[in-house]
Amino acid sequence: MTPRVVFPNKFLPYLLLAPQLAITLVFFYWPASQALYQSVLKEDPFGLRSRFVGLDNFRRVLADPNYLNSVEVTAIFSTATAFFSMAIALLLAVMADKVIRGRGFYRTLMIWPYAVAPAIAGMLWIFLFNPSIGSLAYLLRWVGISWDPLLNGPQAMVMVVSAAAWKQISYNFLFFVAGLQAIPKSLIEAAAIDGARPTKRFWTIVFPLLAPTTFFLLVINTTYAFFDTFGIIHAVTGGGPGKATETLVFKVYSDGALNQLLGDSAAQSVILMIIVIALTAVQFRYVERKVHYG
Amino acid sequence: MATVDLKDVRKTYPGNVEAVKGVSIAIADGKLCVLVGPSGCGKSTLLRMIAGLETITSGTVSIDGKVVNAIGPTDRDIAMVFQNYALYPHMKVYDNMAYGLRNRGTPKDEIDRRVRATAKTLELEHLLERRPRELSGGQRQRVAMGRAIVRNPKVFLFDEPLSNLDAKLRGQMRVEIKNLQRSLGVTSVYVTHDQLEAMTLADLLVVMNAGTVEQAGNPLDIYEKPASTFVASFIGAPPMNLLPAGQGGAAPASGAREGAATIGFRPEDAEIANAGDAPADALALDAEVEAVEPVGAESFLYCAAAGSRIVVRVSGRAAAQPGDRLRVVARAEKLHWFDASGRRVD
Ligand SMILES: Nc1ncnc2c1ncn2[C@@H]1O[C@H](COP(=O)(O)OP(=O)(O)O)[C@@H](O)[C@H]1O
Ligand SMILES: [Mg+2]
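From first to last, the protein sequence lines stand for chains A and B.
Count along the first sequence starting at 1, add 1, and that's the number in the working numbering.
Count along the second sequence starting at 1, add 774, and that's the number in the working numbering.
It is worth saying that the hints were derived from the structure and are not from the lab.
Errors might be hidden in some of the hints.
Stated by the list, open to error - In silico DSS-like cross-links for lysine-lysine, where the CA-CA straight-line distance does not exceed 27 Å:
#: 1; chain 1: B; residue 1: Lys-866; chain 2: B; residue 2: Lys-840
#: 2; chain 1: B; residue 1: Lys-840; chain 2: B; residue 2: Lys-928
#: 3; chain 1: B; residue 1: Lys-928; chain 2: B; residue 2: Lys-882
#: 4; chain 1: B; residue 1: Lys-952; chain 2: B; residue 2: Lys-999
#: 5; chain 1: B; residue 1: Lys-942; chain 2: B; residue 2: Lys-894
#: 6; chain 1: B; residue 1: Lys-882; chain 2: B; residue 2: Lys-894
#: 7; chain 1: B; residue 1: Lys-866; chain 2: A; residue 2: Lys-186
#: 8; chain 1: A; residue 1: Lys-201; chain 2: B; residue 2: Lys-1108
#: 9; chain 1: B; residue 1: Lys-882; chain 2: A; residue 2: Lys-201
#: 10; chain 1: B; residue 1: Lys-928; chain 2: B; residue 2: Lys-781
#: 11; chain 1: A; residue 1: Lys-186; chain 2: B; residue 2: Lys-795
#: 12; chain 1: B; residue 1: Lys-866; chain 2: A; residue 2: Lys-201
#: 13; chain 1: B; residue 1: Lys-894; chain 2: B; residue 2: Lys-805
#: 14; chain 1: B; residue 1: Lys-866; chain 2: B; residue 2: Lys-928
#: 15; chain 1: A; residue 1: Lys-186; chain 2: B; residue 2: Lys-928
#: 16; chain 1: B; residue 1: Lys-952; chain 2: B; residue 2: Lys-942
#: 17; chain 1: B; residue 1: Lys-805; chain 2: B; residue 2: Lys-952
#: 18; chain 1: B; residue 1: Lys-840; chain 2: B; residue 2: Lys-894
Go ahead and model the full structure; you've got the sequences and the hints to work with.
What follows is the structure, encoded as structure tokens:
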């Protein structure tokens, strides 16, 4: 039990909370309410006047085949990004757990990519995958894949997923390393004595006990893939070719900022918000039940 | 059914920490061997080498006559009860017990039969559907025992299995472990720092000190003839009284041993006598009572004598009070003699 802090002054607690509240209000509630407000308005072509149109914007957006394509792209992109960034991070963390000498050094190296800005991460992968100068592109051609992400949609998707997943691996790695360290060694030893070989031990003991970490990262990574990957997609493919990598967030930007369809863009933002809230709720409700803490 | 043989087993941890410095023990089939010694003397390390959890720096460990140095814990067919029990927190009690059988491909109906039979023996039947965190310390301990027993392994290994229980439960479980081990007849190695546990459980008692074996044998033989001052003061509670012998020290009027540097006698072997009323070869000390500890059936008198502290056990209530002066006598056949290096002199 932590004792309650008692403030002598009535206003001091609010004063201390004020900066946090101000930031949340200015940078979250205000834009969110603006989006809600805009989503039920329609602007005239010159942007001079807007009028109330009810749910018209939502109807139009949801009937638009481009929007439905974008939903599908986002589903594929988010699932693949979250899966690969977590799977690779887990693999690396399990291997790092076995490293004894130079442990700290190895971990520090692993954390660096997290400090790289999304756009720069994107540029890095553009170079690696560039059909004419990229070293990975060269390798791919060498194994007989005709590599042209500028024209081939699925290949462009591979590229953005690689960049987005790569960027998040460090973060996931850190959490998995901590999660692995929290598993008592004697459990692994007991399982070994109980006749379980390393692979079996991993899937029957280690992986289930990592579940709280994995669940937390699943929520974080899904949110990341939905929202924070705009910079990468913008830098790597710009949503193309065609609309093969146009995720929901990217479409909000291209419709709103490039095509000046403020009402549509706002309606999309609202839908996006609802999707993320729903997704997180579902994750907490159904996945967390299978998680055993402690 | 198996024998366990250790031949000059050594363990050096990275950083040149010599945890075990050449231990040889032969455990006969079905016997319970107890490794006892102070914290840090290498008991766990030795046990973990038998389990295959630590590599063996040199020497050999054999189970059933077969050297197992190069065999991993998975294939040694042993079971271990850990100090913290190491129950799988995400599995129900049933699955904790079934896990080892499943890993070895035992048929489902046989697993069920064996788990239920073991649960019955250990009175765990009503707990099978619970998870470890829903159990008390004593229940967890029983599940850990059950997980070991259900596998019917060649060897049981116990690393201080009772040290997390309260005194009463510890006493009960001690008796129960002894009975189970007897009835199952599985060769066992049991590590403890508690000399009472060691004395009561052991068929073969091994007293360890700083990575070496001080003395091994039948517990009562060790109690009656401790091979060194270390064993003398470690086995028995309260420990043996040890006094510097020879010049200026304590010694009987006659019959002192050649080369003895220390003389000892057990608290229960001391008698309170009247002044001048002792045989010439007995050790007689003038003592002043400093404290009296009545335990009920017996009392302990803590006294100052011959420049040292000694403990005397008297049965029932003690008549003595702090400050009283007594004459404490230990008969010749009850005296233990040790040389300057602490070894027993006979
Ligand atoms: N993994 C390890 N690395 C280095 N030294 C260790 C390790 N485990 C134990 N030791 C050392 O070996 C000695 C014996 O330890 P241990 O076998 O655990 O003793 P006990 O079980 O008798 O208390 C101690 O000095 C301990 O510090
Ligand atoms: Mg120990």
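Quick rundown of the hints versus the structure:
no. : hint                   : in the structure
1   : B:Lys-866 x B:Lys-840  : violated, 36 Å
2   : B:Lys-840 x B:Lys-928  : holds, 12 Å
3   : B:Lys-928 x B:Lys-882  : holds, 22 Å
4   : B:Lys-952 x B:Lys-999  : holds, 24 Å
5   : B:Lys-942 x B:Lys-894  : holds, 22 Å
6   : B:Lys-882 x B:Lys-894  : holds, 18 Å
7   : B:Lys-866 x A:Lys-186  : holds, 20 Å
8   : A:Lys-201 x B:Lys-1108 : violated, 59 Å
9   : B:Lys-882 x A:Lys-201  : holds, 18 Å
10  : B:Lys-928 x B:Lys-781  : holds, 19 Å
11  : A:Lys-186 x B:Lys-795  : holds, 25 Å
12  : B:Lys-866 x A:Lys-201  : holds, 18 Å
13  : B:Lys-894 x B:Lys-805  : holds, 24 Å
14  : B:Lys-866 x B:Lys-928  : holds, 25 Å
15  : A:Lys-186 x B:Lys-928  : holds, 24 Å
16  : B:Lys-952 x B:Lys-942  : holds, 16 Å
17  : B:Lys-805 x B:Lys-952  : holds, 11 Å
18  : B:Lys-840 x B:Lys-894  : violated, 34 Å
Against the hints set out earlier in the document, violations occur for numbers 1, 8, 18.
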